[in-house]
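A.B. asks: Residue numbers (the working numbering), protein chains in the order written: chain A, 1 to 345; chain B, 1 to 345.
Worth double-checking, as some hints may not be accurate.
Which residues of chain B face chain A? A few of them, derived with a C-beta cut under 7 Å, are [unchecked claim]:
1) F203
2) D310
3) N318
Below, simulated EDC-like cross-link-like pairs (lysine to aspartate or glutamate); rule was C-alpha separation at most 20 Å, straight line [stated by the list, open to error]:
4) A/K261 to B/D238
5) B/K314 to A/D214
6) A/K211 to A/E184
7) A/K314 to B/D295
8) A/K211 to B/E287
9) A/K198 to B/E267
10) A/K229 to B/D310
11) B/K314 to B/E275
12) B/K314 to A/D235
13) A/K198 to B/D310
14) B/K270 to B/D146
15) A/K314 to A/E275
16) B/K198 to A/D295
17) B/K198 to A/E287
18) B/K314 to A/D295
19) A/K211 to B/D238
20) B/K211 to A/E287
21) A/K314 to B/D214
22) B/K211 to A/D310
23) B/K261 to A/E259
24) B/K314 to B/D235
25) B/K270 to A/D235
26) A/K270 to B/D310
27) B/K229 to A/D310
28) B/K314 to A/E287
29) A/K314 to B/E267
30) A/K314 to B/D238
31) A/K261 to B/E259
32) B/K261 to A/D238
Calculated from the structure, these hints are not laboratory results. Each residue gets a CB set at the ideal place from its N, CA and C atoms; glycine is no exception.
Spelled out from the first residue to the last, the chains are:
Number of protein chains: 2
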Amino acid sequence: MSHQKLFNVAVVGATGAVGEQILNLLESRNFPIGQLKLLSSARSAGTKVSFKGQEYTVEEATPDSFKGIDIALFSAGGDVSKALAPHAVEHGAVCIDNTNAYRMDPQTPLVVPEVNIEEVGGHNGIIANPNCSTIQMVAALKPLYDRYGISKIIVSTYQAVSGAGSRAIDEMLRQTRAVLDGAEVNPDILPVGSLPVKHPIAFNAIPQIDKFQDNGYTLEEMKMVRETKKIMKDDSIDVTATCVRIPVVYGHSESVYVELKNDYELEDVKRLLSEAPGIVVVDNNSEQQYPLATDAAGKPDVLVGRIRRDLGNKRGLNLWIVSDNLLKGAAWNAVQIAEHIAAGE
Amino acid sequence: MSHQKLFNVAVVGATGAVGEQILNLLESRNFPIGQLKLLSSARSAGTKVSFKGQEYTVEEATPDSFKGIDIALFSAGGDVSKALAPHAVEHGAVCIDNTNAYRMDPQTPLVVPEVNIEEVGGHNGIIANPNCSTIQMVAALKPLYDRYGISKIIVSTYQAVSGAGSRAIDEMLRQTRAVLDGAEVNPDILPVGSLPVKHPIAFNAIPQIDKFQDNGYTLEEMKMVRETKKIMKDDSIDVTATCVRIPVVYGHSESVYVELKNDYELEDVKRLLSEAPGIVVVDNNSEQQYPLATDAAGKPDVLVGRIRRDLGNKRGLNLWIVSDNLLKGAAWNAVQIAEHIAAGE
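Let the sequences and hints guide you as you build the complete structure.
C.D. replies: What follows is the structure, encoded as structure tokens:
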């Protein structure tokens, strides 16, 4: 009987929406944990969290928190990752970062395990988890890229409010009840907590996620553009995105138009997708079966459906891609990377 | 002083969501009505409706209902239009039909006044109002088509539940309250009332509007494809659509990618749109101003924003187009046509 190696794990942002899902997954996946350290901002420090029947007290994350830590999972915002991940690395930890802080850093691998797990080996202490909306799209497109090549991607997203955090969910539910009761709606958080103008999300669609850039795109849209090219290792893919927040709690949906570099047969595309890891094809029009956010919620899979030819361009293809933004879009992707490291692969 | 000519007007489907808006507009626009006849199915006959302070009793629509009628506005479903519009024409009425019954009939003009009002002159008794999702898109694209030409349109819609009728709105509000209260959601109408499988619309996004066609597209998607080509009088435009129902009451939003035939300057596009009839440009990123369904609701305008270049294709352009699906998307477009006829233009 072999003795399994155990890892000292720190979860930074343990009380947040993603941190909570990371802990659920570490528990349900029976991750080989030696010591577990739950970290957060000063504001949430002191919170009690239960893990495998044991109670843990969340501590304030400081540079010294990472002594003896082997794997640190960060999801407490980009500023926290920027400030603390280098200290964790100094102490010998491998950091898996869920924020935008290191994604486009050339030294940092940007990893979706189904797409480019081999990149993990080249890390310098930090491995970045891509943006939620990017992860599910590249997971679905990778098998098509490998088989046909991709020249262009045009994506419009239908993103869940949980992507903006627990407080945004509370705001949406509060606003929704106000509308149903004929009361006043006073937007307070969305679209972007740190910006002055607020818009109602209840019974609405807001075409702004994150701040506007000088080129007229939002940061969320530019994340999809840049991260897709980096993960696919192909700057020649022409990506354009429109990112929209809609009144959904969990599960991002995406309408993706892709132009392949070579001719394809629709049945081959469906077969490639159905054989791809992490992908579940839900595509049966006569039974009215297609991916739905409410079905994707709580599942690790990326659901793909509405697979159909562009009627005008024989290399054009439409897809509807849905996944739980807190799971494959964040926590599950990070834990997959952690499992890969733990397995010493 | 001239005596204004008066018209005997019939509104078929007077108790429906669109019929109600038609009556509001005929009243607020002070349409030159002689006799007003409110018609409906047998089920709704007998309903009392107030118009300009006078009470009208809705009558069951029959072939003889149209004697003496000059203008008949139909919005009671395609079957009713197919059965009764020919009788109205026989009686000498001009029919403005809000349903899908005659849109693709080569003898029937398909009219968006801002785009092709001149087509009205060629009618044989019936003028078709396009589908709501098509109207707002072509109204916004026409000025760009005229100036640059259009080779390709890729549209993803975010459509309001009111497009599926008043009962669908009730269903969404009921489901939403059930979710908030932790009660069970029992979908009964959406996505398509006449089909067996139902999906929840509360906090969800359903990528099916109307029935699936053999080519894998829904009828709603194919309406956008075919009607756009017919209205623009250009079969060479390559259109592909993904139509999605989201939890919004009034106002369809559309993420539209358009490839122009010629190079463009972004400022020229913005100027052309801001000068176009029926279009209001809402596009100020630094002030976080862009079209929102909640702002479009109740207004006749088509709002256009998020106007930005495709970063990869210099002839590619992204737009976010929003309008009230019951107004410009249905009732207002029909009343505009009626006003054109009444003016004898």
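A.B. asks: Work down the list of hints and note, for each, if the structure agrees.
C.D. replies: Against the structure, the hints come out as follows:
1. Annotation: interface hint on B/F203 holds; nearest CB of chain A at approximately 5 Å, less than 7 Å.
2. Below 7 Å, beta-carbon pairs count as interface contacts, and B/D310 has one with chain A at about 5 Å; its hint therefore holds.
3. Because the smallest distance between the Cβ of B/N318 and any Cβ of chain A comes to about 6 Å, under 7 Å, the interface hint for this residue holds.
4. Annotation: proposed proximity of A/K261 to B/D238 holds, straight-line Cα distance about 18 Å (limit 20 Å).
5. Pair hint B/K314 plus A/D214 holds up; C-alpha atoms about 17 Å apart against a cutoff of 20 Å.
6. Restraint check: the Cα-Cα separation between A/K211 and A/E184 comes to about 27 Å, which exceeds 20 Å; the hinted pair is violated.
7. Proximity of A/K314 to B/D295 is assessed by CA-CA distance (about 39 Å); at most 20 Å being required, the pair is judged violated.
8. Of the pairs offered as hints, the one joining A/K211 and B/E287 holds, with about 11 Å between alpha carbons and a cut-off of 20 Å not exceeded.
9. Proposed proximity of A/K198 and B/E267 is contradicted: the alpha carbons are some 27 Å apart, above 20 Å.
10. Between the alpha carbons of A/K229 and B/D310 the distance comes to roughly 15 Å, so the proposed pair stays at or under 20 Å and holds.
11. Distance check on the hinted pair: B/K314 and B/E275 sit about 23 Å apart at the alpha-carbon level, beyond 20 Å; violated.
12. The straight-line distance between the Cα atoms of B/K314 and A/D235 is roughly 17 Å, inside the 20 Å bound, and the hint therefore holds.
13. For the given pair, A/K198 sits about 27 Å from B/D310 by alpha-carbon distance, which is inconsistent with the 20 Å threshold.
14. Proximity of B/K270 to B/D146 is assessed by CA-CA distance (about 14 Å); at most 20 Å being required, the pair is judged to hold.
15. For the hint pairing A/K314 with A/E275, the CA-to-CA distance comes to about 23 Å; that exceeds 20 Å, so the pair is violated.
16. In summary, the hint linking B/K198 to A/D295 is supported, as the alpha carbons are separated by about 13 Å, within the 20 Å threshold.
17. Pair hint B/K198 plus A/E287 holds up; C-alpha atoms about 10 Å apart against a cutoff of 20 Å.
18. Only pairs whose Cα atoms come within 20 Å are accepted, and B/K314 paired with A/D295 is rejected, the gap being roughly 39 Å.
19. Our distance criterion of 20 Å between C-alpha atoms is broken by A/K211 and B/D238, whose separation comes to about 33 Å.
20. In summary, the hint linking B/K211 to A/E287 is supported, as the alpha carbons are separated by about 11 Å, within the 20 Å threshold.
21. Restraint check for A/K314 and B/D214: satisfied, since their Cα atoms lie roughly 17 Å apart, inside the 20 Å limit.
22. Under the criterion of a C-alpha separation no larger than 20 Å, the hint pairing B/K211 with A/D310 is consistent with the structure, at around 18 Å.
23. Between B/K261 and A/E259, the direct Cα distance comes to roughly 18 Å. Compliance with the 20 Å bound is thereby established for this hinted pair.
24. About 23 Å separates the Cα atoms of B/K314 and B/D235, which puts this hinted pair outside 20 Å; it is violated.
25. With a C-alpha separation of about 30 Å, the suggested pairing of B/K270 with A/D235 is violated against the 20 Å cut-off.
26. Restraint check for A/K270 and B/D310: the C-alpha separation of about 29 Å exceeds 20 Å, so the hint is violated.
27. With a CA separation close to 15 Å, the supplied pair B/K229 and A/D310 stays within the 20 Å bound.
28. For the hint linking B/K314 to A/E287, the alpha-carbon distance of about 41 Å lies beyond 20 Å, and the restraint is violated.
29. With a C-alpha separation of about 33 Å, the suggested pairing of A/K314 with B/E267 is violated against the 20 Å cut-off.
30. Taking the CA atoms of A/K314 and B/D238, the gap is near 11 Å; set against the 20 Å cutoff, the hint holds.
31. Note on A/K261 and B/E259: the hinted pairing holds, with a Cα-Cα distance of about 18 Å set against a maximum of 20 Å.
32. Restraint check: the Cα-Cα separation between B/K261 and A/D238 comes to about 18 Å, which is no more than 20 Å; the hinted pair holds.
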